[in-house]
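Asks: So you can see what is in the structure, the chains are spelled out below.
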Amino acid sequence: MLEIASVNSFYGKAHVLSDLSFTVQRGQVAALLGRNGAGKSTTMKSIMQLVVPRSGQVRFMDRDLVGLAPHRVAKMGLGYVPEDRRIFTDLTVLENLEVGRQPAREGTVTWTRDMLFDLFPNLAERRNNRGKEMSGGEQQMLTIARTLMGNPSFVLLDEPSEGIAPVIVEQMARVILQLKSEGLTVLLSEQNLHFARAVADVAVIIEGGAQKFHGTLAELNAQPEIRDAYLSV
Amino acid sequence: MGFFIAQLLTGLANAGALFMVASGLSLIFGVTRIVNFAHGSFYMLGAYVGYSLMQVLPGAVGFWASILLAGVIVGLIGVIVEICVLRPVYRAPELFQLVATFGVILVIQDLTLMTWGAEDVLGPRAPGLTGVVRIMGEPVPKYDLALLVITPFVALGLWYLITRTRVGVLVRAATQDREMVGALGVNQSWLFTGVFFLGCALAGLGGALQLPKGGADLLMDFNILTAVFVVVVIGGMGSLPGAYLAAVLISVLGVFGVTYMPQSTLVLMFVIMVLVLMIRPYGLFGRPEVAGEHGQVGEPERPIKPAGLRARMIVAAGLAVLALMPVYGSSFALVLATDILIFCLFAASLHFILGLGGLVSFGHAAFFGGGAYVAALLVTYADTPMELALLLAPLGAGMAAIIIGWVCLRLTGVYFAMLTLAFSQLLWSLVFQWGEVTRGDDGLVNIWPSAWASGTTVYFYLSLVICTGGILFLRHAAHAPFGYALRAARDSARQAEATGIDTKRVQWAAFALAGAMAGVAGGLFVFSKGSVFPNELEIARSFDALIVVFLGGVKTLAGGVVGGVALEGVKDILTRFEYWRLALGVLIILVVIVAPDGLVGTARKLAERWGILRGAEDSK
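Protein chains in written order, with the numbering used here: chain C, 3 to 235; chain A, 12 to 631.
These are computed hints drawn from the structure, not numbers from a lab.
Please note that a few of the clues may not be correct.
[Stated by the list, open to error] Partial list, computed: chain C residues near chain A (C-beta under 8 Å):
#1 16
#2 69
#3 71
#4 90
#5 101
Where a beta carbon is used, it is the ideal one built from N, C-alpha and C, also for glycine.
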């Protein structure tokens, strides 16, 4: 469903992604693993065209995304949940959801507020609170809910477990599995192998912006030397 | 009592147009982060377009339809401007956008002059609302009462749009993080264009609505701009309730001021503003700007270097050509060269705080005009000799800069810019209204140099020495530890603080130094012309300097000087044509879009590409 082919991305003169390639199949939950600074967030942004790759292709449902405006990428059914959450702190929960709202899309779930409030009960209680009045975990839920309002068929989750309480991390894992059961495809980036093991089918490990491993989690578990070389345990 | 209430009502009625223009400016700024300097021009266009429509459309229906249509037409003109001028520069630094909108002001001014002529236009009376109503015995125009009713409806409509509709939610979201709004599938370009339409339509509506009260003239754009800035600064950038409250406050005070203190109406407005800012630096309803929140991505600043041998030789050769000018040039050329020299020093002083300090001041004319007036007042009232007056001019301007800098440096970015502009307008209004001392609009005349310097050639040499000395001094300061500290404060205030630099103090000192240098230029100016008028303190003068720095290139040391020569040269040629503002405006917009590094920056980049100069990486 998503194919990254020889992507090179830069920040100014800094070469962040070098010849990065991997694929994600429809219905999979893929984990993009790597240390701090390995290029995980840049990969996410390069898919979303928030960072425009200098070369290579990002094919989504057989269309190259490179050079498209981010809003066009979103309209094609790619939902992006940024690492630093970036909720609209001056807007209420309901208004945040409204910003993410897009028309229904064929072949994927059409989310309503009530469905999202079932998925994230905390948000229901706080629907009229402003974003800045919420805890980190609640903000993380809101940013996922906001993206789901766009009815994506594919969700990019940038470090969903970062900086939130363990009990909420568990809830996050349940949410991701639920999304999978609804037929959504997910690419999530993680430093936490434990979290990835709980939700993901396949793993992609990157280091220095290049792909070092691409396979199922079972394959990764069978090769502890790879884990030791590229992931801090 | 009746008189008091009548005054209050008039004030409230006057607040209408002001609120509409201010809220439009505020909306546009919120979403696009552009301070639209041309907003006053859209207000002016609204008045003229409304006037023309009223000539065609008859009766009461025609009158009100004209006002609405004027708003729509001006909104559409705004859309054209947004698409052609602003879209290419959204990613550019603030200053570029400001200069571009200033270009728009010039273009609109001349297009208006072409279309409607130079004569002031008398506004048609509103059909059915021509008389007055007696309230407690005092006459209040019926049209004022109509405005009193209309304005709250417009305000409520806006409030509803922003707080209760999807468009409003998107606008508020984009105000905070427009990239994220895009990533969620919203086409930002059209959101920006839509907001620009709305903001300009509001300005146009304001202009058309005030037609029966004030008509239309070519000075409307700048006249309302100052008041609008004051309103926006007092109310808080981006706050609609703030804009409404501040517009009412300023208008009511204005009406009472005319009655009780006719000499200080303009000054009063600024005094209120300064008082509010002392207590609430971001306005009554504003919130602090978080630095770097919107992630302006630009090229990193290049380190500046002392001039190399080749550059020094070029400068020396240039100076030699200048010094020999009396031999080959006409006396007209000498006068022009003197003007340019003075202007270069003025521009270089702005460049010092703007380029090196990152402090975008919109009111640098305060110190140029201030220095000029210090010298002129000393000569007029104390018979001070030229030599002493030339020394005291920078002292006076420097003192003014110390005081103004103390207040303004509490704020940063756009607020700093608007505050400096407001202060220069305060000085301007002082000079303009304090007729007994400054002779107001008539200016101070007969300020001639001492006998030994009265010849064109001698005065040229005097200017050459002082201006070159001043510019070299500023350059030297840039490479001194003080200059390093100033640049450190610009690039990363926090980092600089952490290494022990008191950034505010360094910026304050730089602001004072730049003010004093502008004062030197002002002093030289007044003796070269023999007179000084309030327009040396005007917004337009501040903009001249800004444009020069921009034209030359903000990020280059030579920018101020090269830009000064270029602008004065271009103006000298262009002003021979009737519609020179149009040409200059178009030129400015083109430079912003095509050569955003300025003349020096662009030339350097081209030279690097062609291998004449070594690039930034090679020289490491």
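Asks: Holds or violated: residue 69 (chain C) as interface residue toward chain A, Cβ cutoff 8 Å?
Replies: Since the shortest Cβ distance to chain A is 15 Å, the answer is violated.
Asks: Minimum Cβ distance from residue 101 (chain C) to chain A below 8 Å?
Replies: Holds, about 4 Å.
Asks: Using Cβ atoms only, decide whether residue 90 (chain C) comes closer than 8 Å to chain A, and label the hint accordingly.
Replies: Holds: closest Cβ of chain A sits about 5 Å from residue 90 (chain C), inside 8 Å.
Asks: Given residue 71 (chain C) was flagged as interface, is its beta-carbon under 8 Å from a beta-carbon of chain A?
Replies: At 7 Å from the nearest chain A Cβ, residue 71 (chain C) passes the 8 Å test, so the hint holds.
Asks: Does residue 16 (chain C) meet its interface restraint, that is, does its C-beta lie within less than 8 Å of any C-beta in chain A?
Replies: Violated, about 11 Å.
Of the numbered hints given earlier, the model fails hints 1, 2; all others are met.
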